[in-house]
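Produce the entire structure from the sequences given, and follow the hints as far as they go.
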Amino acid sequence: MCWEVWFFCFFAYGILIYSIIILNTYILIGVYSVFENIQHMRKHGFTDYSIVASSTVVPDISILAPAYNESATIVENVRSLFSIYYNNLEIIVVNDGSKDDSLQKLIDAYSLVKVPYLVIEKIATEPVRGVYKSTNIAYKKLVVVDKVNGGKADALNVGLNIASKKYVTCIDVDCILEQDALLRMVKPFMSTADKRVIATGGVIRVANSCEVEGGKITKVHVPKNMLARIQTVEYNRAFLLGRMAWSKLNGLLIISGAFGMFDREIALTVGGYDTKTVGEDMELVVRMRLYMEDNKLPYAVRYISDPLCWTEVPSSYRILWRQRDRWTRGTVETLRKHKKMFFNRKYGILGLLSYPYWFFFEFLAPIIEFTGWVFFFVYAMMGMIDWYFFFLLLIFIVCFGYLFSAFSILIETFTFRQYKEKRDIPKLLTAVLLEPFIFHLYIVGAAIRGILRVMLKETAGWGEMTRGGFSKKESRKCV
Amino acid sequence: MLLLFIIENNLQTELIIFTLLFICTVCAIFFISYFSSLLIQRRENEIQKIRDEKESLLVRLLFEGNSNESNDEILADYDEFRPLEKGNRLGKKKRMLHRQIMVDEMLEMKKNLSGAGVEDLYKLYNKLSLHEYSYQKLTSKKYQLMVMGIRELSEMNFKIYYRSIYRCINHPQEDVRIEAQVAIIRLFGVKGLRFLSIVTYTISEWQQMTLLHLLSHMKKDKPRGFENWFNSKNDSVIIFSLRLAEMYNCFELSDRIRYFLYHPSDALKIQSIFCMRNNYDENTELLLLAYYPIVNKPVKLAMLDVLKSISTGLSIPFLYKQLIDTELEIRFGILRILYRLCEGTEIIDAIENEPEIKDSIILMIDQIKIEEQIYN
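Protein sequences appear in the order of chains V and A.
Each residue of the first sequence is one higher than the one before, counting from 1 in my numbering.
Each residue of the second sequence is one higher than the one before, counting from 1 in my numbering.
You may find that some hints are simply not true.
To be verified - Derived lysine-lysine pairs resembling DSS-like cross-links, with alpha carbons at most 25 Å apart:
id	chain 1	residue 1	chain 2	residue 2
1	A	Lys111	V	Lys216
2	A	Lys308	V	Lys141
3	V	Lys43	A	Lys142
Claimed, not checked - For the chain V half of the interface with chain A, some residues (derived, Cβ under 10 Å), not all of them:
id	residue
4	Lys43
5	Leu290
6	Arg417
These are calculated hints, taken from the structure and not from any lab test.
Just so it is clear, the structure is predicted and the values come from calculations on it, not from any experiment.
We put the CB at the ideal spot given by N, CA and C, even for glycine.
The following block contains the structure:
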């Protein structure tokens, strides 16, 4: 056998075997999530949150909302945080050295005054310029911190230093929370007796084209923009199938930075957010889990499958590119930092399943796909492609993708049913059909760019974000 | 594996069939997604229609005062009740649906009613024999139905089946036992707390919070049975009892509460300290100060929190000595007490000989001062 044929066979069969494993993994995730969804539906409505909504005996929570150049929306966004059903709340808005008039707008709107405040620096951060509190008793819960710019992770660390409550909720300031979101998020911390719950995450839903009134989603629509619509399908797949299954296995490695709740004591013990990565949300969860594993403490990371947080996804290719580039960089940096977990039996599910899954199917997948395309073109030019077989295989793979996405829509229809209009499901199914051709290739490109940037050690942070009204926002979610 | 087999054996026709089958499956899932969404929508509309019907019926009944009539009279007056009757022309499934919606509507309406309105609702529930339907659920083998049955019977104040509910207090299914505990409190108030003597599973923090919240809206009779509960082998029962003692100001239990300061569990220590906030005497402050040096940080913070409320000034010299504690959180806690007991300037004078902590203490005092000025 000549070396070209040997190489061809090795490569082609290698990719084939990889594809078969990844497809089987998706099937397992799909099946596993069905059981979890059935369980969820059975229990749906068991807890009457209205009983405790007005309770004063609920545990104390600090909300940390970092803000950078959010002048257009900051006042309204903070107002919407005040409308959340929860009694023992402290809202900490960290102005991360905004260049616009965000701080002044907050001062004017909430009658803030600079107060003497000793910040106990449990985590080292950029200097705090001042702490502001309201003179109006109605805004007693609000603390605004002004600091030197240091990035999102640094702003969150300042929030962790200042927070005085047992649990901290980290949110993107322009997300829209359901009114009982905090009650649902705090429940696992309080109802798990045999383990210490260290973090809970909620489902992030796409808010594009939805009707928003007074900081609340009043009507859910499928996004009009096709790019946002495809992302709706993608989020559905990730949150209703993927995370649901990983949560059941207690193998979740990420809690979305847009909305997550943490045990403050553990978050501080492990040193807070890592300011050197753009994937600070995933990195913190992994580090907290490692701490618990290393100290052999029984723990859990829980996931709430109800729609709790709504966010606007990028509706332009430029912002989407930047977002996916950043997500990939975050993933690579986190995986690299915690490589000791790789197939390490000491870490149980985490080391034997979660980490390898992320390594092979989140980090390697775009590289393998990209390499596959390169080789495909080379082989095509050399006339080594069996076109008949190629097209059959292509149809098979594309159909599998359709099947998985359509299945997630089916699950959504039977469980949460957020999209109720007659045309919503056909619209989403159309997006499913288009996804492999207009979306998938693009995000593979963005992921490759992200990986290259990490390899070339290019320094790049979050990048400048322009926000105007409830739009053009980004938050980290791994899909 | 199938794919590998196909490639190795050059089974291209089989591959075509396989791919076609796959495409058909995808199409089927697409159609199922679409049609199931239509079907679910239709069902939701149907349920909404019945719901509206039942709601307006309940409003008419409750506000027209007909709930004192006999069953037959009510059924004769309102055709809308017919679907609830046994042996009507509707199938069993449909009849169950009508009953469930009726019960759901009653529970929903109860939230917005009080006094005589609620009593009328209870009577109606009884007259329509809906309790039998709820009881059926309570005796079901499916835990989710049991939870529903328990909730309905307790919300509708139906005490006849309390034995069956009480038996669920130690049910292996967590949701069932949680609902049973809530139901017993709903039905019997403080007296229902006797379940604490038999409960073997841990009562979670969430469950404790729910029960305390329910109790806080009931009559203020003091619970009985603390002696039993304090001796429980279940730590969560002791913690909950301490919370009850705090809520009901059980001063007579002061000595017993203090005993938990020596308990090895930090959670119990902390809860007993919080309990002392409402149940203290002239010795409590000294007792806390005596134990302060030998406890860990979370317990110290709890002690400082309570001392802030109960300190009479006896602790001032002791607290000045503790100010040099390197833990800023603890220092802050101490300063809050001192600020309440002395003037800010007095504190600064007292730490004149501690230059390394002076600046931070001045800043902390300013912070406390501003907070007091703005919000108190």
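We went through each hint and held it up to the structure:
The hinted pair formed by Lys111 (chain A) and Lys216 (chain V) meets the criterion: a straight-line CA distance of about 23 Å does not exceed 25 Å. This hinted pair checks out: Lys308 (chain A) and Lys141 (chain V) have alpha carbons roughly 21 Å apart, not beyond 25 Å. Taking the CA atoms of Lys43 (chain V) and Lys142 (chain A), the gap is about 12 Å. The hint holds against a cut of 25 Å. Here the hint on Lys43 (chain V) is kept, as its CB sits about 7 Å from the closest CB of chain A, short of 10 Å.
Annotation: interface hint on Leu290 (chain V) violated; nearest CB of chain A at approximately 24 Å, more than 10 Å. The restraint placing Arg417 (chain V) at the interface with chain A holds, with a minimum CB-CB distance near 7 Å, inside the 10 Å limit.
Consistency with the previously given hints fails for number 5 only.
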